[in-house]
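As a plain string of letters, each chain reads:
Number of protein chains: 2
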Amino acid sequence: MLSFSISGSYTDLYELSIGEVNFLENRHQSAVAFDYFFRKIPARGGYVVFAGLTDLLDILETLHFTKEDIDWLRWQKFNSTFIDHLVDFRFRGRIWSVPEGEIVFPHCPIVRVEGTWLEAQLVETLLLNILNFESLIATKASRMRYVAGDRILSDFGLRRAQGPGGILASKAAVIGGFGSTSNVYAAQLYDIPASGTMAHAFVTGYESELEAFRAFARSRPEGCVFLVDTYNTLQSGIPNAIIVAKEMEKQGQKLVAVRLDSGDLAYLSRKTRAMLDEAGLQYVKIVASNQLDEHVIKSLLEQQAPIDIFGVGTSLVTGAPDGALDGVYKLAESDGKPRMKISETLQKATLPGTKQVLRMIDDQGHFFGADAIVLQGEEHVSVIHHPFEPGKSLQVTGFKQEPLLKVVMENGKRIAPSPGLTAIAQYSKERLALLPAEYKRFEYPHIYKTSISQQLMDLRNGLIASHKM
Amino acid sequence: MLSFSISGSYTDLYELSIGEVNFLENRHQSAVAFDYFFRKIPARGGYVVFAGLTDLLDILETLHFTKEDIDWLRWQKFNSTFIDHLVDFRFRGRIWSVPEGEIVFPHCPIVRVEGTWLEAQLVETLLLNILNFESLIATKASRMRYVAGDRILSDFGLRRAQGPGGILASKAAVIGGFGSTSNVYAAQLYDIPASGTMAHAFVTGYESELEAFRAFARSRPEGCVFLVDTYNTLQSGIPNAIIVAKEMEKQGQKLVAVRLDSGDLAYLSRKTRAMLDEAGLQYVKIVASNQLDEHVIKSLLEQQAPIDIFGVGTSLVTGAPDGALDGVYKLAESDGKPRMKISETLQKATLPGTKQVLRMIDDQGHFFGADAIVLQGEEHVSVIHHPFEPGKSLQVTGFKQEPLLKVVMENGKRIAPSPGLTAIAQYSKERLALLPAEYKRFEYPHIYKTSISQQLMDLRNGLIASHKM
Chain A
1 MLSFSISGSY
11 TDLYELSIGE
21 VNFLENRHQS
31 AVAFDYFFRK
41 IPARGGYVVF
51 AGLTDLLDIL
61 ETLHFTKEDI
71 DWLRWQKFNS
81 TFIDHLVDFR
91 FRGRIWSVPE
101 GEIVFPHCPI
111 VRVEGTWLEA
121 QLVETLLLNI
131 LNFESLIATK
141 ASRMRYVAGD
151 RILSDFGLRR
161 AQGPGGILAS
171 KAAVIGGFGS
181 TSNVYAAQLY
191 DIPASGTMAH
201 AFVTGYESEL
211 EAFRAFARSR
221 PEGCVFLVDT
231 YNTLQSGIPN
241 AIIVAKEMEK
251 QGQKLVAVRL
261 DSGDLAYLSR
271 KTRAMLDEAG
281 LQYVKIVASN
291 QLDEHVIKSL
301 LEQQAPIDIF
311 GVGTSLVTGA
321 PDGALDGVYK
331 LAESDGKPRM
341 KISETLQKAT
351 LPGTKQVLRM
361 IDDQGHFFGA
371 DAIVLQGEEH
381 VSVIHHPFEP
391 GKSLQVTGFK
401 QEPLLKVVME
411 NGKRIAPSPG
421 LTAIAQYSKE
431 RLALLPAEYK
441 RFEYPHIYKT
451 SISQQLMDLR
461 NGLIASHKM
Chain B
1 MLSFSISGSY
11 TDLYELSIGE
21 VNFLENRHQS
31 AVAFDYFFRK
41 IPARGGYVVF
51 AGLTDLLDIL
61 ETLHFTKEDI
71 DWLRWQKFNS
81 TFIDHLVDFR
91 FRGRIWSVPE
101 GEIVFPHCPI
111 VRVEGTWLEA
121 QLVETLLLNI
131 LNFESLIATK
141 ASRMRYVAGD
151 RILSDFGLRR
161 AQGPGGILAS
171 KAAVIGGFGS
181 TSNVYAAQLY
191 DIPASGTMAH
201 AFVTGYESEL
211 EAFRAFARSR
221 PEGCVFLVDT
231 YNTLQSGIPN
241 AIIVAKEMEK
251 QGQKLVAVRL
261 DSGDLAYLSR
271 KTRAMLDEAG
281 LQYVKIVASN
291 QLDEHVIKSL
301 LEQQAPIDIF
311 GVGTSLVTGA
321 PDGALDGVYK
331 LAESDGKPRM
341 KISETLQKAT
351 LPGTKQVLRM
361 IDDQGHFFGA
371 DAIVLQGEEH
381 VSVIHHPFEP
391 GKSLQVTGFK
401 QEPLLKVVME
411 NGKRIAPSPG
421 LTAIAQYSKE
431 RLALLPAEYK
441 RFEYPHIYKT
451 SISQQLMDLR
461 NGLIASHKM
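The listed protein sequences derive, respectively, from chains A and B. Using UniProt numbering, the first residue of the first sequence is number 1, and each one after it goes up by one. Using UniProt numbering, the first residue of the second sequence is number 1, and each one after it goes up by one.
With the rest of the complex left out, here is chain A (with noise of 0.2 Å):
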């Protein structure tokens, strides 16, 4: 069996190499921050949901080096006292972030990781392996909900996803607002709700589709969808099926719904919901499926395509088109003072020292469209400056403005249980409803305001100054 565990060794080498030469120079204990942000939002959208938080946080809280994970530092020739080091090493400490589920934008630090240089160093690849992952699918799944309204969305994606990144694909897409998935492994991980129809090779196995489904409906009468393409689905597919679901009624049973899955999805829906209520039933429900995405579906729903359920597979658990969200984890403090990468172009440097981020809150409670980084301990801005473009600033002393870092592990131990995987897609369908429409749209929307503040502005520059002397 083909198993994986994520432990010490989930990790890349640099990580380690790294913490060898802080070890044996000793600055291995020397107390760090790091920050977690991204630079691009994936499909040219507006905003993030971000999720990962807590896998990224069950993982700490165990994380360590297995005997395996040891023998192959020493086989590979690494210190042996930084080894031995090694062996008891644990995660202590301390993590700052946004709240699994939160909208977010870019620059702005989402999660900030205090502790010892080498615990800090040592946790960047699965950090951000998880957290960029779980929120770049969490972010299409929101897409899909936005224009899918209230209809019902469907994970069908494991076969078509990156080997085990599946399941966590199906865990983040609910984050996102998806209502059930067809991956039992997810399912049974994370108690989300399994759902599934059936498959071409049930249909052609059997000597005719009138006895397939008829079979079907004879030993799953519950929660029965007929998948009706696999010959021709108006003269064949359609017409076997309310056959079935007539007998089914006589039985006192009833069809959920049948399945599309090739054609004109537009076209043959509305064929389907004629035919289906020509017959007496109204109460079957339509699923498409097959290449969707959030444009489909948007365009679908424009065309008024009846189609009740959304089963949507590769672009939802890839994340396509952009794969990858482009999350990085750059050091913000070392010893107590403030660090930073100084690039030839200032959206390439850093944000130096330990920061908070303040959202800007309008008075009918919606997001403004702006959040401020700011030094630790700064609680209200009255003006916030563009991060790149010096000379463009903006009052926003009339806000209400919210703090988003909190602490959630202290010495390497969550501070309080995860919320759980529905309250936390709760909170972002909450959250993404006070974001306006503009942001949301999928062309061109409009770009929300990531700003710093005086403070950290003039450490910024003082640090650039003092370093080109």
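The hints are simulated quantities; they were obtained by calculation from the structure and are not laboratory data. Careful: at least some of the hints might be erroneous.
As the list claims (entries may be wrong) - What follows is a set of in silico ranges between Cβ atoms, one per label pair, in the way DEER data are often shown: (1) B:T422 x A:H467: 58 to 66 Å; (2) A:A465 x B:A279: 29 to 37 Å; (3) B:G149 x A:V383: 27 to 35 Å; (4) B:D277 x A:R39: 30 to 38 Å; (5) A:E278 x B:H380: 51 to 59 Å; (6) B:Q76 x A:P419: 20 to 28 Å; (7) B:T422 x A:F442: 42 to 50 Å; (8) A:A465 x B:L210: 42 to 50 Å; (9) B:A274 x A:E402: 47 to 55 Å; (10) A:G391 x B:Q235: 24 to 32 Å; (11) B:D71 x A:P419: 22 to 30 Å.
As the list claims (entries may be wrong) - Below are the DSSO-like pairs computed for lysine-lysine, each with C-alpha atoms no more than 27 Å apart in a straight line: (12) A:K254 x B:K77; (13) A:K246 x B:K341; (14) A:K271 x A:K298; (15) B:K285 x B:K298; (16) A:K348 x B:K298; (17) B:K77 x A:K285; (18) B:K298 x A:K271; (19) A:K348 x A:K337; (20) A:K298 x B:K348; (21) B:K40 x A:K298; (22) A:K449 x A:K392; (23) A:K400 x A:K413; (24) B:K341 x A:K285; (25) A:K429 x A:K298.
What you are looking at is a predicted structure, and each value in this text was computed from that prediction instead of being measured. Think of the CB as a built atom: it goes at the ideal place given N, C-alpha and C, for glycine as much as any other residue.
For this one, chain A is given, so just place chain B on it according to the hints.
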């Protein structure tokens, strides 16, 4: 610790629903054959590298339902006799496959699963999940290897990978031609050379870049690579690297390389090479990273950028721009009868019966550019037909015709040990060398002909005709 073990529940729900229906209909023991094939080559390329077979067979040899799986099925109210049957479920089927690492083309069966309907159905999702993903990444890696020639390619992708999908990605990259990985977990699990350099945070964590380099050289003088773009590549990074490299020389040590991670890599690598050479450091290599893919590598080398090692992340491990190979798993036979999905278009119809693939080899030993899908037992064909366009055919009497599908598993056990990752990568390299260049180019590659034999065409057309009556 988050851990994933691929068990019976690593499946779509409908495989279990169908399994239950067939069980209750007493059809679960029917002998069936399913084909795995894909329809579209990712990234508009000319070929696919088949990967994932070793992992698939590893999984199948021990696949079972865990106690948790069984408990969940009971809770989901699956039929209790069926669940009892699943308690003892093992895969006992036969697998035909092309060799792992083989170069493959659309519509050709790559794997055939023969077994009872229940076992063949229950493995569908995991087979697709593993083979689709590993083949996607091996193909992507192979495209980079094709343009990189003999230069070193290293996978740096774990932080941007799709969660634990990154583990399989790092492995599949080796099949496609990568030499090493930064992913320690995959390096350990699959015995891949591990490689890595240093992070910006390491450099910014020291009082100066020079001090950071010196610390690294002191503690890890072997395999030392300096990241030179933290402040300014040409004004700070390279001069400091040269200072420390010269200091290392006095200790009898050699700096291995410098790494460029931002800016114009063609320009910077040329300047860097000149500065290193000027300092007598001809032996110091140049590593380049930062959003590389096969197109960027090709362009850099066309500009004669003196880069020795490419570190590739996101685009490699996520298979960008496509994110998934569209492989499917279709019923070809049951109870000894050929089966097919009949669709409105021939392209979406499947090919019935148990089949073999014959590859046409020219008198130079190269791939001619055509595979013939034939019925099992046909050892040589003289004419091949276009699968979807009636009337298009080709004489192939002059070619050696190499059968690609061989039995690799009998009664649920491999018939030979896996050749191992190195041998698979070597096989793939040798086979790709037999494919003419026009199929390997990135822009509008020549289309490799996938064709069918007269017997297979007759069988298919007969089934379509009988269904239409």
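Comparing the hints with the structure gives:
no.: 1; hint: B:T422 x A:H467: 58 to 66 Å; verdict: violated (46 Å)
no.: 2; hint: A:A465 x B:A279: 29 to 37 Å; verdict: holds (30 Å)
no.: 3; hint: B:G149 x A:V383: 27 to 35 Å; verdict: violated (55 Å)
no.: 4; hint: B:D277 x A:R39: 30 to 38 Å; verdict: holds (35 Å)
no.: 5; hint: A:E278 x B:H380: 51 to 59 Å; verdict: holds (55 Å)
no.: 6; hint: B:Q76 x A:P419: 20 to 28 Å; verdict: holds (25 Å)
no.: 7; hint: B:T422 x A:F442: 42 to 50 Å; verdict: holds (46 Å)
no.: 8; hint: A:A465 x B:L210: 42 to 50 Å; verdict: violated (20 Å)
no.: 9; hint: B:A274 x A:E402: 47 to 55 Å; verdict: holds (53 Å)
no.: 10; hint: A:G391 x B:Q235: 24 to 32 Å; verdict: holds (27 Å)
no.: 11; hint: B:D71 x A:P419: 22 to 30 Å; verdict: holds (25 Å)
no.: 12; hint: A:K254 x B:K77; verdict: holds (18 Å)
no.: 13; hint: A:K246 x B:K341; verdict: holds (26 Å)
no.: 14; hint: A:K271 x A:K298; verdict: holds (19 Å)
no.: 15; hint: B:K285 x B:K298; verdict: holds (19 Å)
no.: 16; hint: A:K348 x B:K298; verdict: holds (25 Å)
no.: 17; hint: B:K77 x A:K285; verdict: holds (23 Å)
no.: 18; hint: B:K298 x A:K271; verdict: violated (50 Å)
no.: 19; hint: A:K348 x A:K337; verdict: holds (20 Å)
no.: 20; hint: A:K298 x B:K348; verdict: holds (25 Å)
no.: 21; hint: B:K40 x A:K298; verdict: holds (25 Å)
no.: 22; hint: A:K449 x A:K392; verdict: holds (11 Å)
no.: 23; hint: A:K400 x A:K413; verdict: violated (32 Å)
no.: 24; hint: B:K341 x A:K285; verdict: holds (24 Å)
no.: 25; hint: A:K429 x A:K298; verdict: holds (19 Å)
In this structure, the hints that do not hold are numbers 1, 3, 8, 18 and 23, in rising order.
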